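Peer 1: Taking our numbering, I'd label the letters of the sequence shown as residues 32 to 409.
Rather than coming from a laboratory, the hints here were simulated on the basis of the structure. Keep in mind that this is a model prediction, so the values were computed, not measured. Among the hints, erroneous ones may be present.
Below, simulated DSS-like cross-link-like pairs (lysine-lysine); rule was C-alpha separation at most 25 Å, straight line [unchecked claim]:
| # | residue 1 | residue 2 |
| --- | --- | --- |
| 1 | Lys133 | Lys100 |
| 2 | Lys237 | Lys174 |
| 3 | Lys237 | Lys365 |
| 4 | Lys324 | Lys367 |
| 5 | Lys293 | Lys324 |
| 6 | Lys123 | Lys164 |
Label-pair ranges, simulated between beta-carbon atoms [said to hold, decoys possible]:
| # | residue 1 | residue 2 | range |
| --- | --- | --- | --- |
| 7 | Pro386 | Pro274 | 48 to 54 Å |
| 8 | Gly99 | Val185 | 16 to 22 Å |
| 9 | Pro368 | Glu127 | 52 to 58 Å |
| 10 | Leu103 | Tyr226 | 27 to 33 Å |
| 11 | Arg187 | Val244 | 16 to 22 Å |
| 12 | Leu238 | Gln315 | 30 to 36 Å |
| 13 | Ile370 | Asp288 | 20 to 26 Å |
| 14 | Asn321 | Glu352 | 38 to 44 Å |
| 15 | Asp338 | Phe273 | 24 to 30 Å |
Cβ atoms here follow ideal geometry from the backbone N, Cα and C, with glycine treated the same way.
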Amino acid sequence: MTLSKALSDTKQSTREIYPDRQNDLKNDPDKKVRNPRPVTRKKNFRPIIMCFAFVMLSWANLAAQIEGKVSLGIHYTDNLFQLSDYDISRWKHDSENLDFVKTTDDLNISTQIDIAYPIPYRWWTFTPSITAKFNQNVSNTDKYRTDSLFRLRVDRYYWSLTALYGYYPYIYYRHYRDDGGTEENQKYSYERNLYRAELVVRPLQKLTTFGNVRYEDLYYNQYFTEADGNRLTAELGTRYSFPSFSLQGSYSFREYDCTGYKELDENDGSYESNIYRGVLRLKQMPIQGNSIKQQSWQPYLELVREDRYYQGNDSWYGGREYHIYNTTAGLRIKFKPSIKLSLDYLHIFRNVESPNASVLRLKEFSENRFSATLQYEF
């Protein structure tokens, strides 16, 4: 038997809940629903938050001035859909389950616009801001995104408090076969609402502590409503500045509660994670001379480890663990106070533990990302 025939005869396995970085396949022949599921969504606070942001931006102190940034980025990845080695082999042998993949690597072009309006009032500073970001991939054009963020930050002496709302109307990961509905490959995409609050306290000149809480609602399209859920993340961390570098460390606990599977009698993709983050950042160094006011460069290294434990007891999720490692090396270059360049390299590796051999074969992957972003402040 040839390799291509052996790969094409392999049974497709199920898709799992991992909306941000996941190589998932879907299969449940016993599902009762035979048509696309209707999408029912609970109400959210987006209209209220958007109105609040408009009012804050309209409330002007004549002495205040608008601050803004425009960023243009180019990003390359060698594994856009985060495919395992097994899936890459299937794609190379023209598997119909992976016919949505035009190229496994791709180039992404992004534009980001940030507008902030600081409003000083006595010993306080109130800063409402808006961010809009647009992304488009060159080869796999379904990977476009248009995201927006609304913030309100309050600063006073040694502390600051930020409230944030983010709206992500369309995030496409890949195609999966809708075995319980249309029986065809469909886009696996979702809408996300993000609510985040962060407190930063500087008790000492060189010491900064911070904590934040993030809540996210994830709503999938009509073919995969069983994946709907919400995610809660809490983080605590600290940063200390030494004479020639700074060190930052933090711990996060994340809980993903999958709620949509209950109505359709699907597998429970809920999980809990422990996330450890460390950042080493050198001080800004002058490009020439002794001053960093006009020109400087600054390298950094970031290490992140996530230990994820799935809560389901079925044969697909039961006993599954992920150990995800993100290693980032970057360089920040300031050509002028208003013009900066960021160069970054990110390596992602996901190690998988599971009693299910299909999970081991399908879910482990590695990815390399290179990016360059030019920023202009006004």
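Peer 1: Tell me the numbers of any earlier hints that the structure contravenes, in ascending order.
Peer 2: Violated hints: 1, 2, 5, 6, 12, 13, 14; rest satisfied.
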